[in-house]
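Chains as they are written, first to last, in this note's numbering: chain A, 35 to 208; chain B, 14 to 161.
Do not take every clue at face value.
Stated by the list, open to error - Chain B regions said to be covered by chain A (calculated; three or more residues, Cβ under 8 Å):
{"hint": "1", "segment": "27-40"}
{"hint": "2", "segment": "59-68"}
{"hint": "3", "segment": "131-142"}
If you are wondering where the hints come from, they were derived from the structure by calculation, not from laboratory data. For glycine and all other residues, C-beta sits at the position ideal for the given N, C-alpha and C.
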Amino acid sequence: MDVTPGERALLAALADGLPLEPHPFAALGERLGLTEAQALDALRALRDRGVVRRFGVVVRHHELGYRANAMVVWDVPDAAVDAAGRALAAAPDVTLCYRRPRRLPDWPYNLFCMIHGRGRDAVLRAVERAAYAAGLAAVPREVLFSGKRFKQRGAVFGPARTGGAAWTNSTAAS
Amino acid sequence: MDELDRRIVNALQGGFPICERPFAAAAEGLGTDEATLIARLRAMREEGVLSRFGPLFKAEGLGGAVTLAAMAVPEERFEGVAALVNAHPEVAHNYARDHQWLNMWFVLATEDEARVGATIRAIEAETGLPVLNMPREAEYHVGLRLEA
C-alpha cells in the first residue's frame, strides 16, 4: 500500500488528533491547503485501503480505571493456532490478539493476547474465562503483568525521508 | 465521568463518521447534540481520559515495520539497559513485565524491515544481551471496547 506525499501530510496533521469543532475536516484541510471535500475524500480513501483502521477516540486505559494489564502467551499447536486466535480475540476482555513466531528452545509461545482489567484479580479471572471460551484451558500459558512503563510515544510522522518515515500509535503488544 | 461521558467513550471507540459534521452525526446516535458532544470530548481530553481523537493507523500500510522484542535483563542492570534501549528513536514503548527471566518488552516501529534488524543488532551490541524478535505473523481481529 503506497501512501502519497499528500496523504502523508494529512496523516501528519492528524497525529495530534482531529480538531474538536463542528467542521473538523474543514479545519484540518485548511492547514494543508485542501478544501473540506478534498480532506474528506482523502481520509475515506485511506480508510477504504486499510491504512487508517478506524477513526474514533483513543482512550487511556489507566485513566478509565483499567489499572492492570497482562500479556498472556500461549503455546498452541501450529495446526490449531489460527482457530484458537480467532476464538481468543472474540473473548470480551481481550484487547489485542496476535500470532508470533516461537523462539525455541527458550520461548515456546506462539499466540499472544492483551487483557486489561480494573485490577490484577480481575485480569486473572478474565484470563480463565478467555481460556475456557477459546478452548485453551489445557494449553501451556504464562501471564505477564506489566510493571513500570519506561517509554510511550504517540504516533510520530516524520517528514518524508528516504521512502518516508512512518510510525504507528500502537499498544504494548503491537 | 458521568453517564453521558461513558456512553460517548463506549460508542466512539468503535468508529466515527467521516462526513462534514461528524460530531453532529455522532451526537444524534448518542441522544445529545453537537455542541455538548464537542464540549464533553474537549473536557475528557483535558482530563486525560482520552489521549486524542483521531485515526488509528496500520503501520504496515504506511510502509513501516513494527515488531515486539524482549530481553532478559538482570535486575540490577534494568534502569541502565532501559536507558540504552529507549535512546533509540525506533523504540515506541518499553515495559517492564513480570516474568522469571524475560522481563523487558519493547515495540520497535521503523520505516522498514532492515531498520528493525539494524536496531536490534545495535541494542544487542550496546547491552551485551540477546534480543528476542517476535514480529506479528497474524492478527486476529478484536472489536476494541473498554467499557467506561
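We went through each hint and held it up to the structure:
A count of 10 residues in the segment 27-40 of chain B with a Cβ less than 8 Å from any Cβ of chain A is obtained; the coverage claim is therefore met, three being the minimum. Counting residues of the segment 59-68 of chain B whose C-beta sits closer than 8 Å to any C-beta of chain A gives 9, which meets the bar of three, so the coverage hint holds. Under the rule that three or more residues need a Cβ within less than 8 Å of chain A, the assignment of the segment 131-142 of chain B is violated, with 0 such residues.
The structure fails to meet hint 3 from the earlier list, while all remaining hints are met.
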